[in-house]
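Fit chain B to the supplied structure of chain A, relying on the hints for placement.
Protein chains: 2
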Amino acid sequence: MVSAAIARENGFRLFALTIDYGQRHRVELESAKRIAAHLACERHEVLPLDLRAFGGSALTDNIDVPKDGVGADIPVTYVPARNLVFLSLTLAWAEVVGARDLFIGVNALDYSGYPDCRPEFIASFAETARLGTKAGVEGKPFTIHTPLQDMTKRQIAEEANRLGLDTGMSWSCYDPTPEGLACGTCDSCRLRQKGFEEAGLADGTRYAG
Amino acid sequence: MVSAAIARENGFRLFALTIDYGQRHRVELESAKRIAAHLACERHEVLPLDLRAFGGSALTDNIDVPKDGVGADIPVTYVPARNLVFLSLTLAWAEVVGARDLFIGVNALDYSGYPDCRPEFIASFAETARLGTKAGVEGKPFTIHTPLQDMTKRQIAEEANRLGLDTGMSWSCYDPTPEGLACGTCDSCRLRQKGFEEAGLADGTRYAG
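Chains as they are written, first to last, in the working numbering: chain A, 1 to 209; chain B, 1 to 209.
If we strip away everything but chain A, and leave its shape as in the complex, we get:
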């Protein structure tokens, strides 16, 4: 949400892409729809791509989401090659509609250590995109914008506040309760809560317990 709002603030027209990859936290998809409508995206595609066929992640497979805090290792919530798949699909759509600017809200400061959130991955992807597309070889390459890349979670919370965003619209939790409340204990909840606390701002998320 913050990434898209920054794109809009910078004068970009918004085409939003959400991948329904079979994530267990389905509430994320509803959140995406609300945000796309709120930010007045010209189009919002929800593309089904059932990565449960591959499995191998706590987000798509029958593996428990860890609750013991953010550690040094890449956790089981890592979805193999997810951001590469997401960016590749975004690139495909961008080339069709004639867009040259892709925005993705990756962050590599307060994060879970996912390799596909790091700037070196993003830079390499941009080069691969240039070499692998008609637009790229015709000298009209794509720019991958990562406005949150170097922000702490505190700074992202402050940015959301500055942009006047309703943080209750966005979703972070990997393991919501059956009632649709955020668990408050997965990595994603912990990192989010830390950010809002440090910023001294209210988090619109409804947490369990």
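Hints are not guaranteed to be accurate.
As the list claims (entries may be wrong) - Here are the simulated DSS-like pairs of lysine-lysine, each with C-alpha atoms no more than 30 Å apart in a straight line:
#1 B:Lys33 <-> B:Lys194
#2 A:Lys140 <-> B:Lys67
#3 B:Lys33 <-> B:Lys67
#4 A:Lys194 <-> A:Lys140
#5 B:Lys67 <-> B:Lys194
#6 B:Lys134 <-> A:Lys67
#7 B:Lys67 <-> A:Lys67
#8 B:Lys134 <-> A:Lys194
#9 A:Lys134 <-> B:Lys67
#10 A:Lys33 <-> A:Lys194
#11 A:Lys67 <-> B:Lys140
#12 A:Lys67 <-> A:Lys194
What the hints assert, rightly or not - If you anchor each label on the Cβ, the simulated ranges turn out as follows:
#13 B:Glu9 <-> A:His38: 52 to 62 Å
#14 B:Glu9 <-> A:Gly11: 35 to 45 Å
#15 A:Glu198 <-> B:Gly11: 33 to 43 Å
What the hints assert, rightly or not - Residues from chain A that keep clear of chain B, each with C-beta distances beyond 10 Å, as calculated:
#16 Ser88
#17 Trp93
#18 Ala129
#19 Gly168
#20 Gly200
Source of the hints: derived by calculation from the structure; they are not laboratory data. No experiment lies behind these values; they were computed from the predicted model shown. Don't be surprised by glycine CBs; every beta carbon is placed ideally from N, CA and C.
Frame of chain A, contents of chain B only:
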């Protein structure tokens, strides 16, 4: 088919991935199933990913497949970022099953000029894959094998013959007739026919007219 048979000849276990991306030449999917069974692949996943949501190609959209011969420009049969999307998904599955070797049958000699068939694209993808995956950052990077990369279509036909493959099993045509015959006039048919003719080998494909 030739690429997979070469992988098998080199001692690799075969896990085959076919993407059902809404291609108009649906017969390709049936061909993939026959080949996977024939080559005794341990698994064959047919993953639905409906790229018709994006459109923009003669293979997925309501755009005529050109029949006027292979030209210098990238034709409208180009599907934006297709091989990047395919390779990204293959990478995701490979990481889950613990595979480190990906095979793709791209060819950049007798081809339609698609940017995502060129060796520089493949090399860049391999680097992006290394940077964007858990396996890659843990020092277990992926190898992208392109055994057909530098072959002419004639050499590919000869290779199929050497491997004892039934070329009637494979499919190239972008615009089959309603009866399921190859059109014989699209780029893909022309390049295939040229290869078999130059090799002096019979092409098992059934052509219209």
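Quiz item: Which hints, by number, does the structure contradict?
Solution: 4, 7, 14, 15, 16, 17, 18
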